[in-house]
Amino acid sequence: MTAIVEERRETIKEIVTDILEIDPDEVTETSLFKEEHDADSLRAIEILAALEKTFNVVIDQSELARMVNLRGVYEVVSDAAGW
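Residue numbers (full-length UniProt numbering): 1 to 83.
The set of hints was computed from the structure by calculation and includes no laboratory data.
Where hints are given, some of them may not hold.
Below, a list of computed lysine-lysine pairs in the DSS-like style, where the Cα atoms sit at most 27 angstroms apart [claimed, not checked]:
no. : residue 1 : residue 2
1   : 13        : 53
2   : 34        : 13
3   : 34        : 53
Quick caveat, the model's predicted, so the values are computed rather than measured.
Given these sequences and hints, build the entire structure.
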């Protein structure tokens, strides 16, 4: 993985863990936000909005269905940004 990709992934993880109010060590790429970290739909919208602002992208709310874990969030942001 390149340094830029790693930096983007780390930024995304920071956004998610800040909004979910969890320690970064508690979340893995595949841990489920709702089931394992008590995330609700409001938190999901907060994550989406923060990602849009940080990466200057537009993410359709229908993509929330894919944003169930870090891997899904990485994919959604990557698709929206054209990385």
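Taking the hints in turn, this is what the structure says about them:
no.: 1; hint: 13 / 53; verdict: 15 angstroms, holds
no.: 2; hint: 34 / 13; verdict: 16 angstroms, holds
no.: 3; hint: 34 / 53; verdict: 23 angstroms, holds
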